[in-house]
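Residue strings, one per chain:
2 protein chains.
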Amino acid sequence: MAISFVVGALCSAVAGYMGMRVAVEANVRTATAAEQSLESAFRISFYAGSVLGLAMVGLAVIGMSVIFLVTGQAHAVLGFSFGASTLALLAKAGGGIYTKTADIAADLVGKVEIGIPEDDPRNPAVVADNVGDNVGDVAGMGADIFDSYVASTVAVMLLGASFAETLQYQYTVIPLILCTLGVFASLLGIQFVRVREGGKPGAALNRGTIITCIIYIAMLLVLVFLGHVNMAIFWSAFVGIVAGVLIGFTSDYFTNDQHKPVQQTAKESTSGSAITIITGFSYGLISILPSILGVVIATLISFNVTQASGLPGVYGIGVAAVGMLAISGMIVSADAYGPIVDNARGIAEMAGMDHEVIARADVLDSAGNTAKAITKGFSISAAALTVLALFAAYAEVVEANGMAITISLREPLVVAGVLLGATAPPIFSALLMLSVTHNAFDMIEEIRRQFREKPGILAGTEMPDYDRCVGLAAQGALSSLVLPTFLAVGLPLLVGFVLGPDALGGFLGGAIFTGVIFALFMANAGGLWDNAKKYIESGKFGGPGSEAHKAAVVGDTVGDPFKDTAGPSINTLITVMSLVSSLFAPIIAVFHLF
Amino acid sequence: MAISFVVGALCSAVAGYMGMRVAVEANVRTATAAEQSLESAFRISFYAGSVLGLAMVGLAVIGMSVIFLVTGQAHAVLGFSFGASTLALLAKAGGGIYTKTADIAADLVGKVEIGIPEDDPRNPAVVADNVGDNVGDVAGMGADIFDSYVASTVAVMLLGASFAETLQYQYTVIPLILCTLGVFASLLGIQFVRVREGGKPGAALNRGTIITCIIYIAMLLVLVFLGHVNMAIFWSAFVGIVAGVLIGFTSDYFTNDQHKPVQQTAKESTSGSAITIITGFSYGLISILPSILGVVIATLISFNVTQASGLPGVYGIGVAAVGMLAISGMIVSADAYGPIVDNARGIAEMAGMDHEVIARADVLDSAGNTAKAITKGFSISAAALTVLALFAAYAEVVEANGMAITISLREPLVVAGVLLGATAPPIFSALLMLSVTHNAFDMIEEIRRQFREKPGILAGTEMPDYDRCVGLAAQGALSSLVLPTFLAVGLPLLVGFVLGPDALGGFLGGAIFTGVIFALFMANAGGLWDNAKKYIESGKFGGPGSEAHKAAVVGDTVGDPFKDTAGPSINTLITVMSLVSSLFAPIIAVFHLF
Numbered sequence: 039m040a041i042s043f044v045v046g047a048l049c050s051a052v053a054g055y056m057g058m059r060v061a062v063e064a065n066v067r068t069a070t071a072a073e074q075s076l077e078s079a080f081r082i083s084f085y086a087g088s089v090l091g092l093a094m095v096g097l098a099v100i101g102m103s104v105i106f107l108v109t110g111q112a113h114a115v116l117g118f119s120f121g122a123s124t125l126a127l128l129a130k131a132g133g134g135i136y137t138k139t140a141d142i143a144a145d146l147v148g149k150v151e152i153g154i155p156e157d158d159p160r161n162p163a164v165v166a167d168n169v170g171d172n173v174g175d176v177a178g179m180g181a182d183i184f185d186s187y188v189a190s191t192v193a194v195m196l197l198g199a200s201f202a203e204t205l206q207y208q209y210t211v212i213p214l215i216l217c218t219l220g221v222f223a224s225l226l227g228i229q230f231v232r233v234r235e236g237g238k239p240g241a242a243l244n245r246g247t248i249i250t251c252i253i254y255i256a257m258l259l260v261l262v263f264l265g266h267v268n269m270a271i272f273w274s275a276f277v278g279i280v281a282g283v284l285i286g287f288t289s290d291y292f293t294n295d296q297h298k299p300v301q302q303t304a305k306e307s308t309s310g311s312a313i314t315i316i317t318g319f320s321y322g323l324i325s326i327l328p329s330i331l332g333v334v335i336a337t338l339i340s341f342n343v344t345q346a347s348g349l350p351g352v353y354g355i356g357v358a359a360v361g362m363l364a365i366s367g368m369i370v371s372a373d374a375y376g377p378i379v380d381n382a383r384g385i386a387e388m389a390g391m392d393h394e395v396i397a398r399a400d401v402l403d404s405a406g407n408t409a410k411a412i413t414k415g416f417s418i419s420a421a422a423l424t425v426l427a428l429f430a431a432y433a434e435v436v437e438a439n440g441m442a443i444t445i446s447l448r449e450p451l452v453v454a455g456v457l458l459g460a461t462a463p464p465i466f467s468a469l470l471m472l473s474v475t476h477n478a479f480d481m482i483e484e485i486r487r488q489f490r491e492k493p494g495i496l497a498g499t500e501m502p503d504y505d506r507c508v509g510l511a512a513q514g515a516l517s518s519l520v521l522p523t524f525l526a527v528g529l530p531l532l533v534g535f536v537l538g539p540d541a542l543g544g545f546l547g548g549a550i551f552t553g554v555i556f557a558l559f560m561a562n563a564g565g566l567w568d569n570a571k572k573y574i575e576s577g578k579f580g581g582p583g584s585e586a587h588k589a590a591v592v593g594d595t596v597g598d599p600f601k602d603t604a605g606p607s608i609n610t611l612i613t614v615m616s617l618v619s620s621l622f623a624p625i626i627a628v629f630h631l632f
Numbered sequence: 039m040a041i042s043f044v045v046g047a048l049c050s051a052v053a054g055y056m057g058m059r060v061a062v063e064a065n066v067r068t069a070t071a072a073e074q075s076l077e078s079a080f081r082i083s084f085y086a087g088s089v090l091g092l093a094m095v096g097l098a099v100i101g102m103s104v105i106f107l108v109t110g111q112a113h114a115v116l117g118f119s120f121g122a123s124t125l126a127l128l129a130k131a132g133g134g135i136y137t138k139t140a141d142i143a144a145d146l147v148g149k150v151e152i153g154i155p156e157d158d159p160r161n162p163a164v165v166a167d168n169v170g171d172n173v174g175d176v177a178g179m180g181a182d183i184f185d186s187y188v189a190s191t192v193a194v195m196l197l198g199a200s201f202a203e204t205l206q207y208q209y210t211v212i213p214l215i216l217c218t219l220g221v222f223a224s225l226l227g228i229q230f231v232r233v234r235e236g237g238k239p240g241a242a243l244n245r246g247t248i249i250t251c252i253i254y255i256a257m258l259l260v261l262v263f264l265g266h267v268n269m270a271i272f273w274s275a276f277v278g279i280v281a282g283v284l285i286g287f288t289s290d291y292f293t294n295d296q297h298k299p300v301q302q303t304a305k306e307s308t309s310g311s312a313i314t315i316i317t318g319f320s321y322g323l324i325s326i327l328p329s330i331l332g333v334v335i336a337t338l339i340s341f342n343v344t345q346a347s348g349l350p351g352v353y354g355i356g357v358a359a360v361g362m363l364a365i366s367g368m369i370v371s372a373d374a375y376g377p378i379v380d381n382a383r384g385i386a387e388m389a390g391m392d393h394e395v396i397a398r399a400d401v402l403d404s405a406g407n408t409a410k411a412i413t414k415g416f417s418i419s420a421a422a423l424t425v426l427a428l429f430a431a432y433a434e435v436v437e438a439n440g441m442a443i444t445i446s447l448r449e450p451l452v453v454a455g456v457l458l459g460a461t462a463p464p465i466f467s468a469l470l471m472l473s474v475t476h477n478a479f480d481m482i483e484e485i486r487r488q489f490r491e492k493p494g495i496l497a498g499t500e501m502p503d504y505d506r507c508v509g510l511a512a513q514g515a516l517s518s519l520v521l522p523t524f525l526a527v528g529l530p531l532l533v534g535f536v537l538g539p540d541a542l543g544g545f546l547g548g549a550i551f552t553g554v555i556f557a558l559f560m561a562n563a564g565g566l567w568d569n570a571k572k573y574i575e576s577g578k579f580g581g582p583g584s585e586a587h588k589a590a591v592v593g594d595t596v597g598d599p600f601k602d603t604a605g606p607s608i609n610t611l612i613t614v615m616s617l618v619s620s621l622f623a624p625i626i627a628v629f630h631l632f
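As given, the protein sequences belong to chains A and B, one line each in that order.
Position in the first sequence counted from 1, then plus 38, gives you my numbering.
Position in the second sequence counted from 1, then plus 38, gives you my numbering.
So here's chain A without its partners, still in its complex pose:
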């Protein structure tokens, strides 16, 4: 188990490292290629992103398969998953704090106080800001999907391992096969992502996702018919994929400037920033509905189809999650593309490249934002199904240890557990966001100090001290991780050992329910504010510099830690909590106070 933990953490780290390394190389090349054509710049940045996507799924599938082949135990793979998720928590939460500390501080002093453009090389925080885009967005998002991907597979393996002896092996291996097929489907799908000069990169990315899904569904059909696999597996995976794609696209409704939420928020920004905040906040809350409905429908269908076929229904819920995540190779490729083109745009600006080059980089960048919104809706919904499967796996593990478990809401210990669990995600996100504001506050002082003490910086005759800002962001992020990490690992153990396994079941349930809601709300509200600002910048409601624009900038800044720090970390939080509980379930089942 310990070795498996280390291997999981290593695989996650290697995938993130490769992604970052390639992204950093690709930033400059994309900017240079944008001098030639949109087509070649797009190709470089997307292929660079696909390095992360494919490395991630490849390492995950190989890692899990090797551990299972060597040990023959699904339970050992749980260690791999726990290792991957622990690293993801650090990468996502730490990276998220880092990137937004630098981003907010750079913007507030640079853009708002001094009035220099974004990514201006005179800003002492500009390097920290660009580093942050790679740390938080490339490595963080990669680690985030890596952990859901592994956790959903492990959950289904654990459920399969609890089947009757004749079915056990087949149903433990099926999730690994589903993942492997997904890797090949992604490899094929990626070939279809191309864009011509004047074409739309956003449409190309979406086309790639749809084609990957179709290829994957076809592969599933072949598997089911040639491999004599239970048809319920196909339907569950199918429902998962369809739900994932639909949820991704409905998230788009709330964050795309073609629709009412963004436009209305932009319009009401003319009444000041408070109205911007309230309106965006409210639309963010409403945006959770389609995703929750999608998860509910996918859960009910996959459960009932699977139960009707004679297998335990929860297995189907897990397969739906695996189905949703199987095409992660393609999804992560499209997502990692975003920060690469974002930074390419920054480099083009800093290097003083032609107006035409920056315009091309802008086209690439806006497609990155659309891809990002869809990926986030997708990854949160997938995480929701994953933790539902993990939740079922937890109950299985407790029962396998000879203890009956009833997670009934009529038991006060369970209700106590749910109430405590439900507070964990909000408090976790609050701690991360407070770290961002505290660290940003310190960095703002540092940037102001540099401008004050070295007047040559603004004149362009003196170099700012980039390193100090990078150091501040890194130290601040690391020291801020202690309490949130305790919350993720320590709290479930505390609840389990004190209140017992039933209450811990309630705790996990509560954490899942509010976790999914907060994750969706924060990701979508953040995306909405970002795009409302960009909508005004495109010349609506007074355009750049207007009162509406100032209000929208406040909304965007509030949204930054929502969408890039707290929101995406919540997924990982609930995964880690579920994994810790399953890992310690055998001990908790025996030792608990109440």
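Treat the hints with care, as some may be off.
For chains that are exact copies, the list does not tell them apart, and a pair is met inside one copy or across any two.
Claimed, not checked - Listed below are the simulated SDA-like cross-link pairs for lysine to any residue, each with C-alpha atoms no more than 25 Å apart in a straight line: (1) K305 to L519; (2) K298 to E483; (3) K588 to V150; (4) K492 to A202; (5) K298 to S517; (6) K578 to L214; (7) K238 to V628; (8) K305 to R486; (9) K578 to T218; (10) K588 to R486; (11) K238 to L205; (12) K298 to F479.
Hints were generated in silico from the structure; no laboratory data involved.
Based on the hints, put chain B in the right spot on chain A.
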């Protein structure tokens, strides 16, 4: 049942009407009395507030007792409770939209754009704003606690009615007796609320609350020993009161400017409004922890004490809620005092009274804000225990209709219900807040139009058209209520009839869990932003007019619909949902699709 519904709604309306009527009369008298002394101004305003407090508990106890005596059925009192809660939903949500529409619009145009003081008679929205303080804060808060008060009593009556025949009558009547004792305790406690010139009104209000608690606990002891009542009743009620008071005072930590959260938010406001929002939002999320812990501990103790005494444990949870709410007479008196002195201050300002008078009114006003924060923490926690008791009552009603009910989180239908229920409070609050911003946007246009078309208004030579603003606020609030009301009444029925009673149980659970969290978070974040602004206005971090102050004003405006519209309405939402479910449970138990 129908008559009982109408009587409940009428009692709630009469209590609210009396409170408002007296408050309106008392506003002017308080302002006039403030010309004499702080003591007499305080006496008038607090006694006026106590009219609402005592009218409310008196009408509730009499109404419930009469209906129970006439029908002999606890189930009939459910109709009374449903009537009271339906009216409370309209009063609280509608009043909350009304008051914040007027408040935000008046402030944004008056204070921010034109630069005239708050409550300036030249502002066309000033009358709507002052009317709103009465509608939302006096009638709304009264209706809110009225509904928790009645609902908790009914829940315990229903649970008592399910006991074995020999115990039935006694345990159905006990909650009514607990309420009656609370009325007398409040009457006595109110006599101790006095303040001298130079004294602290806030301390006087808190002293009144503590003394009322002590008197009530003494009365309970007498009841238990002389009336040969089960000792578990005493302990459950005791735990409820202690938890209620402790939760109220810990809410104070997060909203009082003596402590870190408000001061830190004020300090970071120097970096701009985005930071103010993120910091206040985060502290608001953290503030839910003490209250949830209090509710969890009160639940576990009251359940276990009661079960150990041989009674069903859930009855104890209900008694804890009734114990918490029994002293509502005192709590509501202290709370209704707030808007009275707030308006007295407004009248003093509008009437151009002496600086000294306004200073006295300011002292009275700041105590009102402290009382308000404590009441809100108290009422939300009480509502949480109430709905937990109602939740238990719902399960009893389903079982009484011959249907076994399992609300296990291992059943996918229950999980589906919980997920759907958990989305209801956030979406409900989003709808209310969007109504506020949309209506405020319209009213801002109207105020701007009046200033533009009648330049005499600002010069003081022409009267603004107050009526149009009052009309806009009222119409806007009423038409905005349709969808939220459907959500409260229609959604539980839809879930029940389609997914069945188990899923409806999950739905109620989910709504309770996120409802409590959002209600606490919104009330506390709103109070925190309000006081951070006041802290800066007291001269800290640059004082009024500084950049920090501007940022804090944005926070305060965002917090307005949080604390006065969405937050307090959520309590009533979850109560109405629970009551609807219990009312229709007999039908749903027989007819449902799945």
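Hint by hint, here is what the structure shows:
1. Taking identical chains as interchangeable, the C-alpha atoms of K305 and L519 lie at most 25 Å apart only when they sit on different chains, with a minimum of 23 Å there against 38 Å within one chain.
2. With identical chains, the CA atoms of K298 and E483 are at most 25 Å apart between copies only, with a shortest distance of 21 Å across copies and 39 Å within one.
3. In this assembly of identical chains, the alpha carbons of K588 and V150 lie at most 25 Å apart whether taken from the same copy (9 Å) or from different copies (15 Å).
4. When the C-alpha separation of K492 and A202 is checked against a cutoff of 25 Å, the pair qualifies neither within a copy, at 73 Å, nor between copies, at 83 Å.
5. With identical chains, the CA atoms of K298 and S517 are at most 25 Å apart between copies only, with a shortest distance of 20 Å across copies and 41 Å within one.
6. In this assembly of identical chains, the alpha carbons of K578 and L214 never lie at most 25 Å apart, being 50 Å within a copy and 61 Å across copies at closest.
7. Neither within a single protomer nor between protomers do K238 and V628 lie at most 25 Å apart by alpha-carbon distance, with minima of 59 Å and 55 Å respectively.
8. Taking the closest pair of Cα atoms, K305 and R486 come within 25 Å of each other only across two copies (17 Å); inside a single copy the shortest separation is 33 Å, beyond that limit.
9. Neither within a single protomer nor between protomers do K578 and T218 lie at most 25 Å apart by alpha-carbon distance, with minima of 47 Å and 61 Å respectively.
10. When the C-alpha separation of K588 and R486 is checked against a cutoff of 25 Å, the pair qualifies both within a copy, at 21 Å, and between copies, at 20 Å.
11. In the homo-oligomer, the alpha carbons of K238 and L205 never lie at most 25 Å apart, since the shortest distance is 48 Å inside one protomer and 75 Å across protomers.
12. In this homomeric assembly, K298 and F479 come within 25 Å of each other (Cα to Cα) only across copies, at 16 Å, whereas the closest approach inside a single copy is 34 Å.
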